[in-house]
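Residue numbers (full-length UniProt numbering), protein chains in the order written: chain A, 1 to 509; chain B, 1 to 314.
It cannot be assumed that every hint is accurate.
[Stated by the list, open to error] Label pairs and their computed distance ranges (CB to CB):
{"no.": "1", "chain 1": "B", "residue 1": "T23", "chain 2": "A", "residue 2": "S307", "range": "29 to 37 angstroms"}
{"no.": "2", "chain 1": "A", "residue 1": "S307", "chain 2": "B", "residue 2": "H142", "range": "36 to 44 angstroms"}
{"no.": "3", "chain 1": "A", "residue 1": "L128", "chain 2": "B", "residue 2": "T23", "range": "38 to 46 angstroms"}
[Said to hold, decoys possible] What the simulated footprint calls covered on chain A by chain B, stretch by stretch (three residues with Cβ under 8 angstroms from a Cβ of chain B suffice, anywhere in the stretch; the number is not a length):
{"no.": "4", "stretch": "122-135"}
{"no.": "5", "stretch": "277-289"}
[Stated by the list, open to error] Covered stretches of chain A (in silico footprint by chain B; criterion: 3 or more residues with CB under 8 angstroms from a CB of chain B, positions within the stretch not fixed):
{"no.": "6", "stretch": "228-235"}
{"no.": "7", "stretch": "241-249"}
{"no.": "8", "stretch": "395-409"}
Simulated from the structure, these hints should not be mistaken for laboratory data.
Backbone N, C-alpha and C define an ideal beta-carbon position, used for all residues, glycine too.
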Amino acid sequence: MSLNRRGFLGLTSGLAVVTLAGCGSGATSASSTPRTGGRLRAAFAGGGAKEVLDPHLANLFVEAARSKAMFDKLADLGNDVSPQPRLAEKWEPDADLTRWRISLRQATFHDGRPVRAQDVLASYARILDPNRAFRAKSSLALIDLANSRAVDDRTVEFALKRPFGEFPNALAAFGAYIVPEGADDFTKPVGSGAFSFVSFEPGRSVLLKRNPDYWEGAPLLDELEFVIANEESARTNALLGGQVEYAHDLTPTTARSNASGDRMTIHRSPNSAVQAFAMKVDRAPFDNRDLREAMFLLADRPQLVESVLAGSGQVGNDLFGKDYQHYAGDLPQRQRDLDKAKFLIRKAGAEGLTVKLDTSTAAAGMVEAATVFADQAKGSGLTIEVVQGNKDSYWADTLKNGSLSSFRSGAMPIETHVAQRLLSGSGTNVTKWARPEFDALYEKAVSTSDPAARTEAYREMQRVLHAEGGYLMWGFADWIVGAKPNVGGISTAPANTLDWARFDKVWLG
Amino acid sequence: MSLASYTARRAALGLVQVLAVVTLVFFLVEALPGDAAVALAGDNPDPARIAQIRAAMGLDRPTFERFAQWLVGLPQLDFGVSLVSGRPVADFLFSGIGPTVALAALTLVLLVPISVLVGVLAALREGSLLDRALTSITVALHSIPEFALAVVLIAVFGVQLAWLPPTAVGADLFAQPAVLVLPLVVLLARPICSISRLVRAGMVDALASDYVRHARRLGIGETRVRFAHALPNALAPAVQQVARTTDWLLGGVIVVEAVFVIPGLGTVLVDSVAARDLPVVQGLAVVFAVTTVAVNLLADLVAFRLAPRAEVVA
Numbered sequence: 001m002s003l004n005r006r007g008f009l010g011l012t013s014g015l016a017v018v019t020l021a022g023c024g025s026g027a028t029s030a031s032s033t034p035r036t037g038g039r040l041r042a043a044f045a046g047g048g049a050k051e052v053l054d055p056h057l058a059n060l061f062v063e064a065a066r067s068k069a070m071f072d073k074l075a076d077l078g079n080d081v082s083p084q085p086r087l088a089e090k091w092e093p094d095a096d097l098t099r100w101r102i103s104l105r106q107a108t109f110h111d112g113r114p115v116r117a118q119d120v121l122a123s124y125a126r127i128l129d130p131n132r133a134f135r136a137k138s139s140l141a142l143i144d145l146a147n148s149r150a151v152d153d154r155t156v157e158f159a160l161k162r163p164f165g166e167f168p169n170a171l172a173a174f175g176a177y178i179v180p181e182g183a184d185d186f187t188k189p190v191g192s193g194a195f196s197f198v199s200f201e202p203g204r205s206v207l208l209k210r211n212p213d214y215w216e217g218a219p220l221l222d223e224l225e226f227v228i229a230n231e232e233s234a235r236t237n238a239l240l241g242g243q244v245e246y247a248h249d250l251t252p253t254t255a256r257s258n259a260s261g262d263r264m265t266i267h268r269s270p271n272s273a274v275q276a277f278a279m280k281v282d283r284a285p286f287d288n289r290d291l292r293e294a295m296f297l298l299a300d301r302p303q304l305v306e307s308v309l310a311g312s313g314q315v316g317n318d319l320f321g322k323d324y325q326h327y328a329g330d331l332p333q334r335q336r337d338l339d340k341a342k343f344l345i346r347k348a349g350a351e352g353l354t355v356k357l358d359t360s361t362a363a364a365g366m367v368e369a370a371t372v373f374a375d376q377a378k379g380s381g382l383t384i385e386v387v388q389g390n391k392d393s394y395w396a397d398t399l400k401n402g403s404l405s406s407f408r409s410g411a412m413p414i415e416t417h418v419a420q421r422l423l424s425g426s427g428t429n430v431t432k433w434a435r436p437e438f439d440a441l442y443e444k445a446v447s448t449s450d451p452a453a454r455t456e457a458y459r460e461m462q463r464v465l466h467a468e469g470g471y472l473m474w475g476f477a478d479w480i481v482g483a484k485p486n487v488g489g490i491s492t493a494p495a496n497t498l499d500w501a502r503f504d505k506v507w508l509g
Numbered sequence: 001m002s003l004a005s006y007t008a009r010r011a012a013l014g015l016v017q018v019l020a021v022v023t024l025v026f027f028l029v030e031a032l033p034g035d036a037a038v039a040l041a042g043d044n045p046d047p048a049r050i051a052q053i054r055a056a057m058g059l060d061r062p063t064f065e066r067f068a069q070w071l072v073g074l075p076q077l078d079f080g081v082s083l084v085s086g087r088p089v090a091d092f093l094f095s096g097i098g099p100t101v102a103l104a105a106l107t108l109v110l111l112v113p114i115s116v117l118v119g120v121l122a123a124l125r126e127g128s129l130l131d132r133a134l135t136s137i138t139v140a141l142h143s144i145p146e147f148a149l150a151v152v153l154i155a156v157f158g159v160q161l162a163w164l165p166p167t168a169v170g171a172d173l174f175a176q177p178a179v180l181v182l183p184l185v186v187l188l189a190r191p192i193c194s195i196s197r198l199v200r201a202g203m204v205d206a207l208a209s210d211y212v213r214h215a216r217r218l219g220i221g222e223t224r225v226r227f228a229h230a231l232p233n234a235l236a237p238a239v240q241q242v243a244r245t246t247d248w249l250l251g252g253v254i255v256v257e258a259v260f261v262i263p264g265l266g267t268v269l270v271d272s273v274a275a276r277d278l279p280v281v282q283g284l285a286v287v288f289a290v291t292t293v294a295v296n297l298l299a300d301l302v303a304f305r306l307a308p309r310a311e312v313v314a
């Protein structure tokens, strides 16, 4: 109930807007056969002042879900977090992967205008505006807009600044929505999505209605209402009290205590959020490879999953993106080995050393995980001291300072994770992993058109990271939503993928 | 000193107090770690992106320049625009004031008669079973924090029995007044206790006072003695407590708003501080400071009218 636990998931507070992860079956709920009609009320955490309807500014989970309902991207992430065509019917690169021809699907905006190549170019030009700071900007920055063109109304040809085989990942980037050319005022948003706009009260609710002409088929629901409840307990109570039919982002404890009741069905999306500790490899003490390995061996992962995630998750193997496309699932699972860890700590000359572990309540479970891990390190010769910092500036603080910090991330393609966090020039390189030979492997992976060579490059990158990287990724949390038992069609795809928080396939039984 | 000049002096002092509060709040929020750009960038804290956001928000300008610009707009009631959403701060204040004032007004409308009645009843039957029962109940109730009471009430009446809506999520407070019942009970619980205790104590003192004895000797009817002579004096101390309660309610009771999902001023405050959205925080500081000054001034004036001998020097 305490306010410092209120979970805004926004970037803002750092609670993992970014992403959640996934594998997931895309499968669904118990409620019998699909039916049409009705209004579904969905409760999300919100951000009050921060809430906007501009899909390019979307940051919070509720904004992502609303954007998805009203707008489309060219591509979006499938259940294995690989890009799937959406408004783009297909994409074809040229031989050297620098020009991409995208064919658009026949789709219309809510006001009846067709979605044209010009709208795509205008949307990306808006995101790339040098005077603005949209979230998708860094993903789209490799597009050479001046040399990109509309071939005809339904064909776009993108010129890239460098060869990039994973360009569809960029088309699926968080916030890279297609809006009508010239749109800049989103008080009454017009998109091409499955639901069209009806009304908005910031910090309270957004009402949408079925778009009967949606290109993928009209939604089953007549109306969809997003309501805001920041406290997890309030979302749960509203669901139990029949005030909403869907409650987003519940805790494992709530899931456990309501699992057997008949008022709520729990839906879990596995592999949605990676839980980790980040060691900075460019400074003492973790510039020592032996000490990093000792840390890997100190972690009792099953215990962390059981205690911190209340069992709602799976153990990690120090690699991002379990079961995602390109994941190196064949590397041996790391186990706790206290004796070897002690030996490595002595070898690294770190016996008797005290290391500060920076953490905060910026994401659920981080402080608890830090405390449990500090406990697991007892008796190893190394002392871990948990230091709790300010949650609102946590991610920026730990990017620069300290040597060991709590880390969490939602789902994104493994390529995106590497590009944003593990290259010499990455903007959010919290482990300070900067190796020319690793950069070269990444270059190879994204610039080759040979699938076998690409797979091999991804595997090699992950082998190195598993052996001596800076991320101790101990687990993957399930993403948990609750719904009335009569709600059907809820996907268990990882959070941040297309099918997560997607309501056009959902029905009220 | 006349009432008018006293009021004018207090109002002028209040203005200075408001300015001091907003200045202090501005620099305290500035002193918090991180700014709006850092908060917005969240778990994607790419320094290049943070710099861009900062430039887009105008945060790269000097602190004093931003504060001065904000101050200049204030006399025209221009509170500026939210850094994060670009919407006018006034919009946030208006949307938050509605639920907060509605809840505060309803609470006060119920609070004052109930607590006076309870206090007077207890005082008139001092030492009786009724007095002891009321004392026990009020002391017990007063020791339960709002959030604990809220959780219990929601679990019992909202979820288990399903008599009342457990939250106000997505609701229009005026179209569905049922959502206000549980929050009102929670908000009333402690103030009723504290104020009725003060009324009881004041009434007991007043009934034992020389002037009441004198009034009785003059043969004035007991009802008139109690309610026309003793009660106004007994209320004076309670008025100050009602003022504090009013101030507390108008500040948006954050815990109650969070638990019941009422989008009032407390929620706006929590959201804007977490986002480091300084213009919105500043706008709220003005509203809170003005209500505090105004409510206390009003309380002093009322107390002065009720018991003219009371000290009202600021």
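Hints and how they fare:
1. B:T23 to A:S307: 29 to 37 angstroms: 47 angstroms Cβ-Cβ, so the 29 to 37 angstroms window is violated.
2. A:S307 to B:H142: 36 to 44 angstroms: At 38 angstroms between Cβs, range holds.
3. A:L128 to B:T23: 38 to 46 angstroms: 40 angstroms, holds
4. 122-135: holds (count 4)
5. 277-289: This one is violated; 0 residues, fewer than the three required, reach chain B with a Cβ under 8 angstroms.
6. 228-235: holds (count 7)
7. 241-249: With 4 residues closer than 8 angstroms to chain B, the stretch 241-249 of chain A meets the three-residue bar; holds.
8. 395-409: holds (count 6)
In this structure, the hints that do not hold are numbers 1 and 5, in rising order.
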